[in-house]
Amino acid sequence: DIQMTQSPSSVSASVGDRVTITCRASQGFSNWLAWYQHKPGKAPKLLIYAASSLQSGVPSRFSGSGSGTDFTLTISSLQPEDFATYYCQQANSFHSFTFGPGTKVDIK
Amino acid sequence: QLQLQESGPGLVKPSETLSLTCTVSGGSISSSSYYWGWIRQPPGKGLEWIGSIYYSGSTYYNPSLKSRVTISVDTSKNQFSLKLSSVTAADTAVYYCARLPITIRSNDYWGQGTLVTVSS
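Residue numbers (this note's numbering), protein chains in the order written: chain G, 1 to 108; chain Z, 1 to 120.
Hints were generated in silico from the structure; no laboratory data involved.
Mixed in with the good hints there might be a few duds.
What the hints assert, rightly or not - Pairs of lysine to any residue, SDA-like flavour, derived with a Cα cap of 25 Å:
#  : chain 1 : residue 1 : chain 2 : residue 2
1  : Z       : K45       : G       : S93
2  : G       : K108      : G       : Q79
3  : G       : K45       : Z       : T23
4  : G       : K39       : Z       : K66
5  : Z       : K45       : G       : E81
6  : Z       : K66       : G       : I2
7  : G       : K45       : Z       : I104
8  : G       : K39       : Z       : E48
9  : Z       : K83       : Z       : T17
10 : G       : K42       : Z       : G113
11 : G       : K39       : Z       : D91
12 : Z       : K45       : G       : S60
13 : Z       : K77       : Z       : K45
14 : Z       : K45       : G       : G16
15 : G       : K39       : Z       : I104
16 : G       : K45       : Z       : D91
17 : Z       : K45       : Z       : A89
18 : Z       : K83       : G       : A43
19 : G       : K45       : Z       : N78
20 : G       : K42       : Z       : S81
21 : Z       : K45       : G       : Q27
22 : Z       : K66       : G       : E81
23 : G       : K39       : G       : G68
24 : G       : K108      : G       : S7
25 : G       : K104      : Z       : G113
26 : G       : K108      : Z       : N78
27 : G       : K39       : G       : V19
28 : G       : K108      : G       : I2
29 : G       : K108      : G       : H38
The task is simple: from the sequences and hints, build the whole structure.
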């Protein structure tokens, strides 16, 4: 099974900052990599699918890139509503999806 | 607007079976375009994929839970269900149901989640 790691595990940032989160897979796979935003008490929200495709309705300050084993989520200018935990998820095979451990973005 | 709603007991005793149902409204669970899945989040921990089901009944399960998990679908009620047997305190979590379009392989619609506590 493909295992996912994320770095950093947490990041403190200010409004307006550029934030980059990295997701690394234990083995290379196609670009079926998604990013979710999760706030306490709410359902996770899909931000990016297929590594770099922006989900409908998601602000353009969110972007995804990468391939193989290394993927990134970038928030170009952090907004107050972006403070949350972010998860990557690989979907290389319908037999096994795996989430990364999460990256918490909090206020500096 | 598609909506998913989890329902089931909020408290389950150790060694018993956890049972949850996800009711889908605003869309058909019988569409060939989607899988339907369960994801959970234990308190203070990250998200964990439990498994997915297609309207035909084909299922995929997390290998670490496979021996205890059963996901089923009832197209007549537009529902799908989760059963997790022999539960322990480690199965205490918020359980989410979600839709997974085959074309994007990502969960685009989620239920609000339901907390299930395993305790005697």
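To see whether the hints hold, each was checked on the structure:
1. For the given pair, K45/Z sits about 24 Å from S93/G by alpha-carbon distance, which is consistent with the 25 Å threshold.
2. For a cut-off of 25 Å, the pair hint linking K108/G to Q79/G stands: about 13 Å separates their Cα positions.
3. For a cut-off of 25 Å, the pair hint linking K45/G to T23/Z stands: about 19 Å separates their Cα positions.
4. Taking the CA atoms of K39/G and K66/Z, the gap is about 28 Å. The hint is violated against a cut of 25 Å.
5. With a C-alpha separation of about 22 Å, the suggested pair K45/Z and E81/G falls inside the 25 Å cut-off, and the hint holds.
6. For the hint linking K66/Z to I2/G, the alpha-carbon distance of about 17 Å falls within 25 Å, and the restraint holds.
7. For the given pair, K45/G sits about 14 Å from I104/Z by alpha-carbon distance, which is consistent with the 25 Å threshold.
8. Only pairs whose Cα atoms come within 25 Å are accepted, and K39/G paired with E48/Z is accepted, the gap being roughly 16 Å.
9. About 7 Å separates the Cα atoms of K83/Z and T17/Z, which keeps this hinted pair within 25 Å; it holds.
10. Restraint check: the Cα-Cα separation between K42/G and G113/Z comes to about 8 Å, which is no more than 25 Å; the hinted pair holds.
11. Pair hint K39/G plus D91/Z holds up; C-alpha atoms about 21 Å apart against a cutoff of 25 Å.
12. With a CA separation close to 29 Å, the supplied pair K45/Z and S60/G exceeds the 25 Å bound.
13. Using a Cα cut-off of 25 Å, the hinted pair K77/Z and K45/Z is violated, with the two alpha carbons roughly 33 Å apart.
14. Taken as a hint, the K45/Z and G16/G pair is broken in the structure, with Cα atoms around 28 Å apart against an allowance of 25 Å.
15. As the CA atoms of K39/G and I104/Z are separated by approximately 23 Å, the hinted pair is consistent with the 25 Å bound.
16. This hinted pair checks out: K45/G and D91/Z have alpha carbons roughly 23 Å apart, not beyond 25 Å.
17. Of the pairs offered as hints, the one joining K45/Z and A89/Z holds, with about 14 Å between alpha carbons and a cut-off of 25 Å not exceeded.
18. Taking the CA atoms of K83/Z and A43/G, the gap is about 21 Å. The hint holds against a cut of 25 Å.
19. Between K45/G and N78/Z the CA atoms are separated by roughly 23 Å; this keeps the pair inside 25 Å, and the hint holds.
20. Of the pairs offered as hints, the one joining K42/G and S81/Z holds, with about 21 Å between alpha carbons and a cut-off of 25 Å not exceeded.
21. With a CA separation close to 24 Å, the supplied pair K45/Z and Q27/G stays within the 25 Å bound.
22. At most 25 Å may separate the alpha-carbon atoms for a hinted pair to count; K66/Z and E81/G exceed this at roughly 37 Å.
23. The suggested pairing of K39/G with G68/G is violated, with an alpha-carbon distance near 28 Å, which exceeds 25 Å.
24. Annotation: proposed proximity of K108/G to S7/G holds, straight-line Cα distance about 18 Å (limit 25 Å).
25. Between the alpha carbons of K104/G and G113/Z the distance comes to roughly 20 Å, so the proposed pair stays at or under 25 Å and holds.
26. A hinted pair counts as satisfied when its Cα atoms are at most 25 Å apart, and K108/G with N78/Z does not qualify at roughly 45 Å.
27. In summary, the hint linking K39/G to V19/G is supported, as the alpha carbons are separated by about 17 Å, within the 25 Å threshold.
28. For the given pair, K108/G sits about 33 Å from I2/G by alpha-carbon distance, which is inconsistent with the 25 Å threshold.
29. A threshold of 25 Å between alpha carbons decides the hint, and for K108/G with H38/G the separation of about 19 Å falls inside it, so the pair holds.
Hints 4, 12, 13, 14, 22, 23, 26 and 28 from the earlier list are contradicted by this structure; the remaining hints agree with it.
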